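Hey, can you work out the whole structure from these sequences and the hints?
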Amino acid sequence: MIVLNNISLQLKGFRLRDITLRIAPGEYRILLGPTGSGKTVLLETIAGLHMPQSGSIFLHDRNITNTTPENRNIGVVYQDYCLFPHLTVFDNIAFGLNLQKKTRSEIAHMVDEMAGFLNINHLLKRTQQYLSGGECQRVALARTLVLKPSLLLLDEPLSAVDRLTRNHLRSELQRIHRELGLAVLHVTHDVSEAFLLGDTMTVMRDGKIEQDGTPDGIFQKPATRFVAELLGIKNFLPVIIMTGSVLEVQGLGKIHSTESFFAETTQEGGRYIALFPDWAVELSPARTPSAYFWQGSATIKKIRYTDNMVQVVLETVGNMPIFTSFSRREMNGLAENLTSGSSIQAGILQQGVHLLSEDLSPL
Amino acid sequence: MKTFTPVFSALAVLLLVLLTTPIVNMVISSPPALLRSTLLDQEVLHAIILTLKTALWATLSGFLLGIPLAYILARWSFPGKSFLQGLVDLPIMIPHTAMGVALLMVYGKKFLIGSLFSKIGISFVGTEVGISLAMAYVSLPFLVNAARDGFLAVNPRLEAVARTLGASPWQTFFKVTLPLARRAILTGAIMMWARGISEFGAVVILAYHPMVAPILIWERFESYGLAYARPVASLLIIICLLIFAVLRWLSGRSREV
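Respectively, the protein sequence lines represent chains F and E. Residues 1 to 363 in this note's numbering are what the first sequence lists, from first letter to last. Residues 1 to 257 in this note's numbering are what the second sequence lists, from first letter to last.
Each hint can be trusted.
Partial selection, computed: residues in chain E whose CB lies under 10 Å from chain F: (1) Asn-155; (2) Arg-157; (3) Leu-158; (4) Val-161; (5) Arg-163; (6) Thr-164; (7) Ala-167; (8) Ser-168; (9) Pro-169; (10) Gln-171; (11) Thr-172; (12) Val-176; (13) Pro-179; (14) Leu-180.
Chain F is faced by these chain E residues, among others (derived, beta-carbon under 8 Å): (15) Ala-160; (16) Leu-165; (17) Gly-166.
Restricting the straight-line Cα-Cα distance to at most 30 Å, the calculated cross-link-like pairs of lysine-lysine (DSSO-like) are: (18) F:Lys-125 to E:Lys-175; (19) F:Lys-148 to E:Lys-175; (20) E:Lys-175 to F:Lys-12.
Treat the hints as calculated values from the structure; they're not laboratory data. Being a predicted model, the structure only gives us computed values, none of them experimental. A virtual CB, placed ideally from N, CA and C, is assigned to each residue, including glycine.
Structure representation (structure tokens):
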């Protein structure tokens, strides 16, 4: 178990503010945030590469706040692999074992075992210049894992490789986590990576923790507009809570909602933002009316096709854009053909709508 | 586009011709028999060996003191860093005779450091130690700057990873940073040695005797004329050329490892 208590750190032009975090044994935690939010600095602070100005770090009840990196037993794998270019793959993996003064046969055995675990036996005599990106990342993982770290820190480990390799490495990370039962803190700005790998997720912004929870929980109820936008949510509509169960939604008009929806809000007359993800917007809605937050006519403004998906921008009668996307298979199941400029019935599912008490100032 | 390659090639060839003409002319105008007899001249031989040796000592001391400074300049951020960098480059800018005078006023027997060292029997004026000292002062920027650039080229994250893999700062430096910067450091060391060999101004003030090759060439030119200075100069050039060709080849090989 690693526990961070109120960690603050000032670096040149950047600071971490009051970070409190807990990673349980065997937990796979995602650290999500945009570039410059402090993810890597936090990772390096946990590894001991930066000393916090205040707060404390405990690893298995041992205070390691002022412990040097070499005495923490925390492994780091960077996006750019950071293999030692003057050493072979074998010597890279053996680097930490050599420092532990293990015998040559012990080192050979441990390197072979780890190389077998990561399927890189055939690469042991090569140097970095003769490895692909995916192979480099496996070697970097092997070099760290062979030391049996208490915590594995991954700094965007999949962002420097091609899509195919990324998919393979994702599965590999899942297998490593499953078979070794390691606690992992994985920095990324890739939302799909967060959902595929993470048990838990922490969202960072400007050196602070913005939200903490499970990936799905955060996606369902983002605490701020920033978190919602980071997760790819594009639909934000200004809302005023009227009397009773009536909402005035900009672009949609007056909406009669259910009691359960109001449980989230506290103030009648208050201004909020209704946010909802793409999946909550249905074309040609066919469920019972009570399932929808809103139903009505909209104009198709734009249709864009990606490899598997179709992205559609609608415009409501009140001139508000609504974004939705669905698979090509779902598109084929639609009763109506989608053409730009045509009118279509749309619905916003009640279960996808979440109210935020936040201003609409641009981020 | 059509003119780019010929123009650049022509300008490069022109510069090479300008650079090499005086040297080649001097070497080929010295008959082999004269070179051979010069080589057998004990005074010449002694001066050349002394030059190579003292420049080597200067370079080795440069390693000890210059590498840490180069690392600090590459890795640390602190107020006054630019000023410190300027100080390192100072010997390149000021006349070397001025540097010789400055050294004499510190390392001379009557002056601050010189008087302290003379108490333990070390003198800088007119000694091999003094020659090495003068050479080191004027040639250190070559090693420090090359080593600093070499350290800058090493990704600091490699050092960070080494620390997380259990390496102390010393182990990280000797197992990761230094091996990765070695080519730049070797190049800097070769440059420093070469600059030390060619040093005249600072050495002539601090240690006229024992005579290094550049001073011997100057003395023969002053006392006997061009004909006596030329073979010594030619011999020094040939020997240095051979040594540096081998060193460059070796440092080139180390890059491929």
